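2 protein chains.
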Amino acid sequence: MVKKIAIIGMGTVGEATIRSLKKNAALISRRKDLDVEIKGVCDVRKEKETVAKSLGVAFTTDAYQLINDPEVDVIVELIGGIEPAKSLILAALKNKKHVVTANKALLAQHGAEIFNVALENNVAVGFEASVCGAIPLIEGVSRGLVSSEIKKIEGILNGTTNYILHRMTEERMDFALALKEAQKKGFAEKNPHFDVEGIDTLHKLCILAYLCFGVWPKLDKVYTEGITKITLMDILYAEELGYRIKLLAIAKKEDHDLDLRVHPALVCFDHPLAEVDDAYNAAFLDTVPAGQLLFYGLGAGGAPTSASVISDVVNILLGGNEFFRGEEKVKLKNIKEVTTRYYLRFMAKDRPGVLAAIAKVLASCKISIASVQQREVSKGKLAPVVILTHRAKEADLQKALARIDKLDIVKHPTQVIRIEDL
Amino acid sequence: MVKKIAIIGMGTVGEATIRSLKKNAALISRRKDLDVEIKGVCDVRKEKETVAKSLGVAFTTDAYQLINDPEVDVIVELIGGIEPAKSLILAALKNKKHVVTANKALLAQHGAEIFNVALENNVAVGFEASVCGAIPLIEGVSRGLVSSEIKKIEGILNGTTNYILHRMTEERMDFALALKEAQKKGFAEKNPHFDVEGIDTLHKLCILAYLCFGVWPKLDKVYTEGITKITLMDILYAEELGYRIKLLAIAKKEDHDLDLRVHPALVCFDHPLAEVDDAYNAAFLDTVPAGQLLFYGLGAGGAPTSASVISDVVNILLGGNEFFRGEEKVKLKNIKEVTTRYYLRFMAKDRPGVLAAIAKVLASCKISIASVQQREVSKGKLAPVVILTHRAKEADLQKALARIDKLDIVKHPTQVIRIEDL
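Note that the protein sequences, when read in sequence, are chains V and W.
Sequential numbering of the first sequence, starting at 1, is according to my numbering.
Sequential numbering of the second sequence, starting at 423, is according to my numbering.
Quick caveat, the hints were computed from the structure, so don't treat them as lab data.
Every value quoted in this text rests on a predicted model; they were computed, and no experiment measured them.
Positions of the beta carbon are idealized from the N, C-alpha and C atoms, including for glycine.
Please note: incorrect hints may appear among the correct ones.
Heads up, simulated DSS-like pairs for lysine-lysine below, C-alpha to C-alpha not over 27 Å straight-line [claimed, not checked]:
(1) W:445 to V:252
(2) V:229 to V:218
(3) W:574 to V:23
(4) V:23 to W:445
(5) W:573 to V:23
(6) V:349 to V:366
(7) W:574 to V:22
(8) V:331 to W:518
(9) V:151 to W:444
To give a feel for the contact side, a few chain V residues facing chain W, derived at Cβ under 7 Å [said to hold, decoys possible]:
(10) 134
(11) 146
(12) 289
(13) 290
(14) 291
(15) 297
(16) 298
(17) 300
(18) 311
(19) 370
(20) 372
(21) 373
Could you put together the complete structure from these sequences and hints?
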């Protein structure tokens, strides 16, 4: 069987997809009795024509030439961003062409519309590459766990931030230095906002929420906190206490409550996510009856991501690419209602009664202390007081912190990092 | 869409599959617009009828009643063993019914015939549950990695042996005690031969070899060694040297050479498999271009395995359950040609020149020493000498050991455990 595809967007992933497809054509054909041919590639940057030609692929700057080509079965969108990606995808779907995309920002914001149009036109949208790069997580959840209830997902879904936190931990660097290094090595963009503020992770979490629970959460309803406020001091305290700090995407479902959030968290050494280093991604799932599962692999990079793009192409062309449809009755939990454990770091002034004062406020807000670390410091310096709490309600914690930050014995604001237990 | 299935074999997995399917019917139907009904279950044990009735499912002791039922779309075989499972599966396939099975022993030995008959009759065989229980590894490899070359698989594919090795490590128990405990807890069977001798792992490795490389290796051509000779002393030495001992299934492909083996191995703490504890399973893959991947989850148990059984049923009924077909040109490597690192433990007599003698033989066989551990022992006792080698050829190692074991300064046989580096 010979099928034709077209690729729109010749960035890192686009070019890698062409190369992988050319290189592994024989492999795919032997395994699946399918020949995938590239009818053409498109990029608005005219200078990409040279690369396309060197790869033996027809080039155009007009995407609609490919979208309107009756010979093309699948449109692969690898431009990224909202427009023109969205219009091109919708046009392709309306032309009864399957679409494969790695565009998490677009799906997170317009996934409902895109999947509806796909359904109306009886074509598929493949999005394996949009979450966790090369890891077949979308397949694993939508097919492997089709009969399992998903209770919890904890994911390291962004390679840039994981690389930064890993370097801070390994090399005892502060955030700014680790970010600079990541930028130099190409792991972080010049403007790292999307990654370090957790927005990329949020987009991926929204896609997982759809996949697992059939709902598209509104982005601004999901609590999102990045890693810019994580200091080396926190990483060192966490390590001493038996934890690593990771930027997590969290989805927890209890009855009809859906708790979605993105924030840095202390994960204990025993947690499978604690050992996910460098720019690797991983998703840890707690399910019934399939139990606990971990998927781990490369979350970014042209070549690894191309593996997911091509697997979508092949699986869609062979049929059977289905994804979850039915919406579950869930109510998004507000962060204030969330109950979790906390790491609190106060910078206390060198005066008697500081710990007593902090402990009193915490107690009055029903927050129970699990452990305290306070060390001697030179006279006149601020002394870090690190408290791990038992489970407490976020609203209570915020109330306590508002009061503590008003005390003149601590330098505000207090550092707060949530703890994600196994 | 309503589809009917029949389940043959009401053991742990069979009963769990009925329960999971009943419990999650609404979930599946919402997610996939598919209603899966159980037309009937079969077991030769008449007493299972009571359970079937309590679960509201029609019962028969005659499998052919279900296999010949025109209403049944999928036959789920959960008997295990070669016969009658094989005859029943072939009969079902010839009746144009899809088959879902968890039977690794059968597939490892008769997979070629079964898949051919399925192909001839244009029906599918689902076997997700046959390797790594609840982990969607078969899907992940056959679909997610469809365009990736698989260079290496290292797997912990047997929960029983992993549980035993983990308990030996954690509780400083010897093998016999850990086995007894595993049997008491239901993790090991009364006759543990299949598990502890590595045969179950071998069966699963053969299925993976088919999945990844399109070949069905002959069982007796794959080097297989169990864990019965692993002592607590080896586990402690390994730990001191920075390694865990795990029973691994290994598949490595280099050009057209396929290196398949099952044996205990030292894996360094940094290796993702080192932390796979209890009865968990995991598979670590090195692929191009998808990179390194880890799949981790529960490898056994009725409920977890039922998740994979049902996912096969659903995915087959929705179409698109394809697996690798084309045979790759590979030549099975004989263990003698394998090059790897070794952990060697000699029990040396308390005499001068022992280390010199051992080292001399190793050197004469081109085996280079990476590290040596020898400690003082009480007079008259045998002193363990632990040597880690650099990479050496198995044939050379065996030649050296044959010579060393003839020396009267060591108690033979020498303990040999291969090292599997990241």
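| request: With chain W as the partner, please determine if residue 146 of chain V meets the hint condition of a C-beta pair closer than 7 Å. | output: holds (5 Å)
| Is the shortest C-beta separation between residue 291 of chain V and chain W less than 7 Å? | holds (4 Å)
| request: Starting from residue 445 of chain W, check that the Cα of residue 252 of chain V is at most 27 Å away, please. | output: holds (20 Å)
| task | Could you grab the alpha-carbon distance between residue 229 of chain V and residue 218 of chain V and see if it respects the 27 Å cut-off? | result | holds (25 Å)
| Between residue 349 of chain V and residue 366 of chain V, is the straight-line Cα distance small enough, at 27 Å or below? | Given pair residue 349 of chain V, residue 366 of chain V holds - Cα atoms ~24 Å apart, limit 27 Å.
| request: Identify whether the interface hint at residue 300 of chain V stands, where standing means a beta carbon of chain W within less than 7 Å of its own. | output: violated (10 Å)
| task | With a cut-off of 27 Å on the C-alpha distance, tell me whether residue 23 of chain V and residue 445 of chain W pass. | result | violated (45 Å)
| field | Agreement of hint residue 289 of chain V with chain W interface, Cβ distance less than 7 Å | value | Result: holds, 4 Å to nearest chain W Cβ.
| message | Is the interface hint satisfied for residue 370 of chain V? The criterion is a beta-carbon contact with chain W at less than 7 Å. | response | violated (25 Å)
| request: So, residue 311 of chain V near chain W? Judge it on the closest CB pair being under 7 Å. | output: holds (5 Å)
| query | Taking the closest Cβ pair, is residue 297 of chain V under 7 Å from chain W? | reply | holds (4 Å)
| field | Cut-off 7 Å, beta-carbon criterion: hint that residue 290 of chain V touches chain W | value | Residue 290 of chain V check passes; min Cβ-Cβ to chain W is 4 Å, inside 7 Å.
Checked against the numbered hints given earlier, the structure breaks hints 4, 8, 17, 19, 20 and 21 and satisfies all the rest.
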